[in-house]
Amino acid sequence: MRGHMVAMLLLPGASPLDVGIPAQVFASRHGLNYRAVPCATRPGPVPGRDGLGFHVEAGLEALGEADTIIVPGFMNPAGPVDPVVLDALREAAFRGARMVSICGGAFALAAAGLLDGRRATTHWQMAATLAREYPKVTVDGKVLFVDEGQVLTSAGVAAGIDVCLHLVRRDHGVQASNAIARVLVAAPYRSGGQSQYVPRSIPEPLGDVFAATREWALAHLEEPLTVATLARHAGVSERTFGRRFVEDTGYTPMQWVLRARVDLAREMLERTALGIEQIAARVGVGTGANLRLHFQRILSTTPSDYRKAFAGKLA
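Quick note on numbering: numbering that gives the first Met the number 0 labels position 280 of the sequence shown as 279, and the sequence is numbered without any gaps.
These are calculated hints, taken from the structure and not from any lab test.
Beta carbons are placed, not taken as given, at the ideal position from N, Cα and C, and that holds for glycine.
Warning: the hint list may mix true and false statements.
Pair by pair, the computed Cβ-Cβ distance ranges are [unchecked claim]: (1) A211 <-> E56: 43 to 51 Å; (2) R41 <-> R131: 28 to 36 Å; (3) R169 <-> R238: 30 to 38 Å.
I would like the entire structure built from these sequences, with the hints used as guidance.
This is the structure:
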């Protein structure tokens with residue numbers, strides 16, 4: 000079988016880490032039918048950044064075959080991009096390929112016009128430049144990644160892990176994504192709304208306390224969690240907890256708890272035969288009707304349809 004082809008477009012000065020992340024996540028060894036193919040304007044050597052270079056065997060023809068195209072960050076992203084590359088990106092998007100950028104790769108998608116009228120992100124240091132150079136793009140330089148359906152953009156370097164795992168979750172479900180995250184020794188899931196970089200007015204060690212509280216909440220999702228309960232566990236006021244929680248995760252505490260409950264429900268739908276009502280009770284949303292409502296709002300599907308799509312994906 001041909002598999003799902005993921006073409007990684009290496010532009011001059013490509014960032015080694017940005018390239019390595021999708022190469023690892025979409026490696027065929029994970030058994031998910033992905034095929035990662037590095038490509039460039041033409042086959043041969045491609046200068047990289049930070050003293051590392053690449054040698055690729057595929058040219059732009061790979062973009063014409065790819066199901067997903069990922070543009071890693073590259074040197075001087077605000078500079079001109081080869082018009083031939085831009086045409087190839089436009090053609091791929093027009094035929095329906097999924098378009099993804101990591102870090103400064105967003106500039107190439109923007110130059111091709113693929114971000115016009117969309118919300119997008121890039122590394123926080125370059126967000127203002129992207130917004131200035133491409134005023135038709137709604138730039139959010141605070142988040143880890145933005146999923147606009149066919150087009151996804153992510154922030155700097157390590158955020159590439161988050162968006163790639165997010166794609167695996169979209170394609171194959173939570174269990175598959177978590178399995179790859181374990182192999183990579185990476186966080187299984189950081190939401191796209193989570194902050195890239197927030198200057199701290201509170202001593203940094205408090206971050207460990209909040210992380211411990213989130214970890215505790217994940218182990219007690221079936222219980223009636225409230226902001227007061229979580230703040231008490233963290234040992235801070237509700238006001239401080241709420242403010243810092245939004246800074247850390249991009250969500251209010253109760254939004255985060257709800258998404259964590261839906262996430263746990265997804266995993267249970269994939270790997271157990273429990274009924275919808277049983278799962279709803281175990282994840283703390285009460286009834287099957289509530290679970291269906293939250294699935295529709297967050298995932299635009301139903302628990303039953305999700306189970307049909309993803310149950311038994313992994314042995």
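Results of checking the hints against the structure:
no.: 1; hint: A211 <-> E56: 43 to 51 Å; in the structure: holds, 47 Å
no.: 2; hint: R41 <-> R131: 28 to 36 Å; in the structure: holds, 31 Å
no.: 3; hint: R169 <-> R238: 30 to 38 Å; in the structure: holds, 36 Å
The structure fails none of the hints (numbered hints given earlier).
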